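Q: Next come the chains, spelled out residue by residue.
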Amino acid sequence: MAKTMLEIGIGVLQGLLLILIAPGLAGLLRQLKTRLQFRQGAGILQPYRDLFKLIRRPAVRSETTSWIFAFTPYILFVAYGLLAFQVPVFHCATLLSGDLIVILYILGLARFVLSLAGLDSGAPFSGLGSSREMFFHFLTEIGLMLIIATLIIRWNTINLAAIIAQHSGLLASGISGGTGTFPFNPEMLLLFLSLAFLILFESERIPIDNPATHLELTMAHKAVLLEYAGHDLALIEWAEMIKLTFLLTLLINLFAPIPALATLTNGIDLWASGWAWLGYALKVLGIIVLMAIWEVSQPKLRLRAVVRPSLWPVVFSVIAIIYTVIVKK
Amino acid sequence: MLTLAVVTALVNVWYAISSHDLKTALAYHSIENIGIITVGIGIALIYAVDTASTARWITTLALIASLYHLLNHAVFKGLLYLCTGAIDNLTNQNVELEKLGGLLKRYPWTATTFLIGAVSISGFPPFNGFISEWLTLQALLKALQSNPGVVIVLSLIFLVAAFALTAFCFVKIAGMSLLGAPRSDLETRAKWSLRDVQLPMRSMMVLMAVFCFVLGVIPSLIVTFLSGVVATIWPNSLTVNTPSPWGLQLDAEGGATALMMIPLLAVAAILAVAATVVVRSFWRRRQTLKPQIPWTCGVSYSPAYMQHTGAALSFLIRDTVGSISPHTPNDEMPDYLPEALVMSKSSSYPQIVIEYFRRQYNWVIDWLLKRSTAIGNFIQNGDLRQYLFYIFIANLIVLVLFLWLRYIHG
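Going line by line, the protein sequences match chains F and X.
Residue numbers for the first sequence follow this note's numbering, so the first one is 1 and each next one is one higher.
Residue numbers for the second sequence follow this note's numbering, so the first one is 330 and each next one is one higher.
FYI, nobody ran anything at the bench for these hints, they're computed from the structure.
Among the hints, a few may not be true.
[Claimed, not checked] The list that follows gives simulated cross-link-like pairs (lysine to aspartate or glutamate, EDC-like), each with its CA atoms no further than 16 Å apart:
{"hint": "1", "chain 1": "X", "residue 1": "K428", "chain 2": "X", "residue 2": "D379"}
{"hint": "2", "chain 1": "X", "residue 1": "K699", "chain 2": "X", "residue 2": "D712"}
{"hint": "3", "chain 1": "X", "residue 1": "K619", "chain 2": "F", "residue 2": "E216"}
{"hint": "4", "chain 1": "X", "residue 1": "K352", "chain 2": "X", "residue 2": "E425"}
{"hint": "5", "chain 1": "X", "residue 1": "K520", "chain 2": "X", "residue 2": "D379"}
{"hint": "6", "chain 1": "X", "residue 1": "K434", "chain 2": "F", "residue 2": "E63"}
Note that the structure is predicted; figures quoted are calculated from it, not measured.
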């Protein structure tokens, strides 16, 4: 698995790109939401300004905390940063081989450490948040694993880049009518719905948790962060934005790799890269608009009511597995 | 075998979540890990009869995963029990979760190694539990890929649920016992040791923690070694991995799979340094602010009462899957059980876990006791006429016996 310098270069470029545009995407989402509510909004660049403001400030910590509370922002940033280097953005070459189980476990690690930090702060609300955080972890894990199971039956691999390369090749040949493949896979649509739902769970967006809330008792994810301040908070917020960007990139590139992502089969292809990059930008824009509309139009569910929607991804994935197995045989 | 294994894993992690004692929870986790180990053997048993190369590959991988987890379990559970012993010693025989807390500040060596063990057993990178869980999942997924079936899918769901609940449980265990402020009052804490354990105990814990890390970052060596072991117990085995210094590389039929730990760690280290540099360079005034009490909406803070408790932490999960809760309500508890097993009436969150079979056993004992008492009462009810009737019956039996003996011996 020795990677060439070119591959490493493209991988680093893509990862850094994701890490740097993450606050912008979060700002875009926020701005779209405020505009949909007929408010002025602070502008797309506001998260950058927030991060810049926070990162220059010293952090106040709770007097009960130990080293784990201080290290958690760094662990979160590293974990989500690692994810950014595993997903193809516009080119199939990634820095790290994106094994889906590894991705699942890195997401789990981040949540585990964050929950520990919540308990470490000794605050009543943080413990509440930790409990909810791990509860959501339990609810999402099964759905994500079933998606991976479907993907391995369908594409015979769980390497992210390999699946995306295969899928984009299939779609491209389907669109040009080459092998007569219909450019649409029902099982991939089901998985798309499933993953889209799980992303709401995983990034704790509106039907699960309201990221804009200021009421401590209803918080899940925010409650854990309640005791963080200054540069600690800046790192965590940035990490959360990277996570959201990663999940959205995963969603659109896994299920809609059109135009096809560039590969290294015949050297560096600037034309294909440019197209793929443009396509990526448009798709991200589209998904952010959809997400903003969704978040404006949906209420937050009660904590107990979350269990039932968490079963939908499982159902979708199981149907997708059955469909895939039937088609394969 | 596979079904039994995943059910064992899930049910025991469930009991572990509900238990409130460090040792009990770890004991349940031992059984759960045996379940995970047996998952590998179960997959191997399904595919061992098949001689196709895919099946041989899956069998080999499953056996390796099983052995790897066996090794890992020995290491991390050994570490966790060492730490628990140390905690037990330091806090004067007190390993109830709700009475610990704040140990990470007080006993940094014991608590840090315990945390490493907790991350390992929850199966998160870069520690050893992750590698064997990864291998087990790979074996299951490959089995699914070659021959999708209901049993495999259900096993996958159960196993992943068990993994997620293990993480939940260790957030609870580590969070309650090691983190936050101490949860017990000053009198109890007065009996706690002032210093961490001495060098010999400390060095052993650190050694085990280092093993956890080493087994997690150089899986290739171990898997190569275990391939040899598998070859001796199952001659049909294949060589599944290419030795690689960067991590684990499995050559599967239809797509190789790789787990590159070293690049992952290298990028992680670079990112960590980058984050530190960014924070340090922006941080203008380099003062450290005084630690403050946590936010409690303005009420004065008391750590013993205001922190989240273990029962409340696991409440969400226990309530969601409430119908199969291992807690027996008070009124269903047989009254001859030792008092320690019966929870206090006031507490709605009992501290004692009663397993399914133990509950059934209790029920059977209860039933037998009641029936035998009823029969006894019927026989010996104090009526003179009934006793005379017994004497008459006894005489009759002796008479019949006598006649019968005479008849035989003629």
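Q: Measure nothing beyond the straight line between the CA atoms of X:K619 and F:E216; if it is 16 Å or shorter, mark the hint as holding.
A: Roughly 24 Å between the alpha carbons, so the hint for X:K619 and F:E216 is violated.
Q: Do the alpha carbons of X:K352 and X:E425 lie within 16 Å of each other, as the hint requires?
A: 9 Å, holds
Q: When you check the alpha-carbon spacing of X:K699 and X:D712, does it fall within 16 Å?
A: 22 Å, violated
Q: Measure nothing beyond the straight line between the CA atoms of X:K520 and X:D379; if it is 16 Å or shorter, mark the hint as holding.
A: 61 Å, violated
Q: Holds or violated: X:K434 with F:E63, Cα cutoff 16 Å?
A: 11 Å, holds
Q: Hinted pair, alpha-carbon criterion (16 Å max): X:K428, X:D379. Please report holds or violated.
A: 54 Å, violated
Comparing the model with each numbered hint stated earlier shows that hints 1, 2, 3 and 5 do not hold.
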